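Trainee: So the number in the numbering used here is just where the residue sits in the sequence shown, counting from 1, plus 38.
Hints may be right or wrong, so weigh each one.
[What the hints assert, rightly or not] With a straight-line cut-off of 27 Å between C-alpha atoms, the simulated DSS-like cross-links for lysine-lysine are:
1. Lys217 to Lys193
2. Lys193 to Lys249
3. Lys217 to Lys368
4. Lys249 to Lys217
Simulated from the structure, these hints should not be mistaken for laboratory data.
Computed from a prediction, not measured in an experiment: that's the story for all the values here.
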Amino acid sequence: MRTFLSITSIVCCAFLGGAAPVLAESESTGHITANTISLQPNHPDSFRHFAPELPEMRARVSQINTEFGVHLNEIEPGLFFVTDQIYQSAFLVTDDGVVVFDAPPSYAQPLRSVIEMAAPDVAITHLIMSHGHSDHNGGGYAFADIADLTIIVAKDVADTLAAHPLPGILAPTRTFDEKLSLLIGGVPIELQSTHFHAEDTDVMIYLPEQKFLIAIDTITPGEAPFMNFGATTNVSAYFNSFDTFLAYDFEHFLSGHVSVLGTRADVIASRDYSWDVRDTVAGLMPSFHERMMQGLTAVEFQNANLAYRYAIESIRDACAAAVIDRWQNKLSVVDLWADSHCETTALYNVMH
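Construct the entire structure; sequences and hints are all you get.
Mentor: As structure tokens, this is what we get:
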């Protein structure tokens with residue numbers, strides 16, 4: 039076990055004589071899910087001790103076209119979903135041209151190729167970016183040769199990119215503040231700026247006729263959210279975002295990661311999981327100062343940082359154990375990320 043386990047064991051047991059904190063521990067192996075994962079099969083914290091993805095999740099995985107290296111699916115007439123099993127994007131074929139929603143660099147050239155295959159001789163006229171992170175729009179370079187391409191981003195994102203240009207992301211040609219309503223080839227597209235992930239602004243993209251909603255770096259359909267709730271920069275806004283999403287009338291939900299296109303049920307499941315983490319931590323936070331004092335007493339008030347870490351990690355572990363128990367048969371990879379969700383939430387509670 040890593041140093042963390044020996045510290046918490048010493049603090050809680052040797053010095054205080056109390057019970058060890060509840061840890062996110064596998065019943066079958068006894069390993070601690072928060073420990074550093076080992077790639078050695080026989081290590082106490084081997085990757086083999088984590089639960090496999092649920093069969094119902096695996097059944098939804100998109101198959102990759104080996105010729106192009108991506109999966110392409112026309113989910114509604116003229117609306118195409120694209121994934122390389124790690125990232126997701128989409129494009130819309132209209133009478134006035136093709137509208138591209140995000141350009142991940144991991145499949146930038148294949149994206150251009152499948153657009154031309156799906157819509158031969160149709161011009162690509164618009165690139166709409168959900169946010170300014172390079173992992174979702176650093177593939178814009180593949181569209182740099184298109185004359186008069188309209189590149190739409192939120193104004194805050196444009197300001198960030200102007201101050202800190204990122205390789206592969208094209209310079210915006212049109213910006214907006216809060217909302218922008220477009221009609222391209224007779225198809226309405228609604229853009230709404232909001233805050234749930236990026237450090238500046240996120241944009242929700244909604245196609246009402248297709249009942250298609252894009253909110254990138256939010257959920258991972260069929261799975262627990264990625265580490266730290268999609269690496270959000272705003273924990274409170276992340277928790278509140280689900281009500282915003284569910285206010286839309288949508289059937290398809292593109293969240294930017296994994297190979298599965300989400301549904302309304304996926305958003306509800308992610309909301310219920312995330313709120314369970316939030317509420318579980320809230321129930322544990324009243325004990326924070328007591329845990330802190332236990333740590334300070336154990337180290338004879340000589341190492342406040344160690345005591346602070348103990349308090350945070352003991353709340354994290356108690357939360358993760360409970361959340362894993364409740365959710366491991368409902369969503370995939372819960373045991374992989376629950377510790378990070380609980381710790382992120384605990385830290386947020388300490389600071390707010």
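Trainee: Next step is simple, just say for each hint if it's right about the structure.
Mentor: Here is how each hint holds up against the structure:
Distance restraint check for Lys217 and Lys193: the Cα-Cα separation of roughly 11 Å lies within the 27 Å cut-off, and the hinted pair is therefore satisfied. The hinted pair formed by Lys193 and Lys249 meets the criterion: a straight-line CA distance of about 26 Å does not exceed 27 Å. Proposed proximity of Lys217 and Lys368 is contradicted: the alpha carbons are some 36 Å apart, above 27 Å. Proposed proximity of Lys249 and Lys217 is supported: the alpha carbons are some 18 Å apart, at most 27 Å.
Checked against the numbered hints given earlier, the structure breaks only hint 3 and satisfies all the rest.
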